[in-house]
Amino acid sequence: MTTVTIPGEGSVPVLSQPSRQGWWRRFRRRPPAVLGLAGVVIVVAVAVFAPLLAHYSPIVSQFGHVLEGPFSSGHILGTDELGRDELSRLIYGSQATLEVGVLATLLAMAIAIPVGIAAGYYRGAADMVAMRVTDVVLAFPFLLIAVGLAAIFGPSLQNVILALGIAQLPGSVRIARAEAMALREQDFVQAAIVTGAKDRVILFRHLFPNMLSPLMVQASVSIPAAILGSALLSFLGLGVQPPTPSWGNMLASAQTYLYNDPWIAIFPGVAIFLTTLSFNLLGDGLRDLFDPSMR
Amino acid sequence: MRAYLLRRAGISLLTLVIASMVVFLGVRAVPGSPATALTGNTDFSPAALAAINRAYGLDNPLPIQYVDWVGQVVSGHLGSSPVTGMPVTTELGNAFPITFELTVLSMLIALALGIPTGIVAAIRRGRSADYASNGLALFGLSIPSFWFGIMLILLLSVVLRWLPASGFVSFSVSPGANLAHLIMPAFVLGTGVAAVLMRQTRSGMLETLRADYVRTARAKGLSEWSVIGKHALRNSLVTVATVIGLQFGILLSGVAVTEEVFGLPGIGQLTINAVFQRDYPTIEAVALLTAAIVILINLLMDFVYMILSPKVRLAGEPG
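As given, the protein sequences belong to chains E and R, one line each in that order.
Everything in the first sequence is counted per my numbering, starting at 1 for the first residue and increasing by one.
Everything in the second sequence is counted per my numbering, starting at 1 for the first residue and increasing by one.
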């Protein structure tokens, strides 16, 4: 944290945007956050390089090798009920999982940032409409939004992304709005208004860049929430459709074999848990960096 | 204060009206004719289709249909399920008590786990108790509830055989068996909410412990118990009240998947089955009921917020 010396007051801490170098140095001093970042990098790498890492097809069945335990006949994590290699399905399953987490969050941000800024900066009617819309979205649990979209358009990955993106809107809009309202009262924004700067300049040059850190923290919380949400929807059969593997639909089919072959229910859950844990650790680290009062 | 209450209630009512329009239009946006959606049949002669449309009032303009529909809903006529043939109100009546019991039980577990750990973490900030609480909260936030449920079934039902893996026994039949069936799912749901509550309680406590009035209370020589219990906790609970309201909506999604995992015939399982059987009257009723409950709980939490927070009580606006 930087400090400012005020006569008679001594050193006073100031919440400022740290320089990039200082940012990394302070980030590095938090082992949980670094661990989280490492976890995120590993999951992303696994998703990107899936075809190189997986030794078997995630879809083709080998009916001679059904439900073989871990470390059997060349399958490190065993095979599932259709004889498909569990590890290869886990590796490919990371793709759908990350895709939903990241795209749902991007979708929510792309809508929430302009809406939140408009509501917070202009207030009045824009604010009223934005708040009522978010109230209505909040009234429907994301499962119901997904259910509605699945009923209208049929279950698919796109609908899961859309449903989870919509479900994240209220939180993201409220954060963007609160930031815009706070920034609007700041001297540098008031000065820009008084000097007759165009709204476009105020919104994009003054408000938006100063909102990035809280929005980044919100995104780092949203991504794991969307990942858990998409796993839940695939588990219920509303998300990624078999045979395409996702960690959620792998768990759904594993539940039938829980009594005799519990391992196929253990691995996908561990994968989801470690991925969301990594994002949460990273998010906590970022929040501590940008908002020291939460520490 | 009264003006604020009335305004909040008005906004909630407006939200409920808009939500009901979304539900109404959503069911009518389903592919195929609404007649198909409402009766479950697809093969109609043109004459039969016209007769059904007339019977359901589907030949009227949409705004009139909406007003009629609201009238029916208010008088408790939600139609019949085309799948089971039972009135939707009967289905809801059977499923609702199970979901209600599960939700209340898991909220109690969440409060019992989340608030004390949050307080301890704030008081013992930076020490091992704080790290342990934070670690537990991270665990609760990161673990997929349905997988946690499956793992508990594996451990407590399959391996140790302590608790039943699935099914439901009503409280009136056997209170003991009722609790045995609900304790695992309630714990699974409760831990997720407890994690959020713990974090909010901790940060709320940290903020109030720094406030001037807490310093004053300490300076007056009040015991640490009375400083924390009477002064700091009350104000921290203000944020917790809002979080409980927001968590309820999220909890309802978790309820559905938890009921699926533990084979509980509640609202969640009813919804999931309705989706796969294209049972639109049931989906419509569940969506409306859920929205109404979430809106009502958030309104109640606003009132709690106001009672707890002197700032809001005096100014008439949430701070």
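Simulated from the structure, these hints should not be mistaken for lab results.
Remember, it's a predicted structure, so these values are computed and weren't measured experimentally.
Any given hint could be a false lead.
As the list claims (entries may be wrong) - Some chain E residues well away from chain R (every beta-carbon gap over 10 Å; in silico):
| # | residue |
| --- | --- |
| 1 | 132 |
| 2 | 195 |
| 3 | 202 |
As the list claims (entries may be wrong) - Here chain E is said to cover these stretches of chain R; the calculated rule only asks that three of the stretch's residues, wherever they fall, bring their Cβ under 8 Å from a Cβ of chain E:
| # | region |
| --- | --- |
| 4 | 4-17 |
| 5 | 219-232 |
Backbone N, C-alpha and C define an ideal beta-carbon position, used for all residues, glycine too.
Verification of the supplied hints:
1. 132: Violated, since 7 Å does not exceed 10 Å.
2. 195: Holds, since 32 Å exceeds 10 Å.
3. 202: holds, 27 Å
4. 4-17: holds (count 4)
5. 219-232: violated (count 0)
Checked against the numbered hints above, the structure violates hints 1 and 5; every other hint is satisfied.
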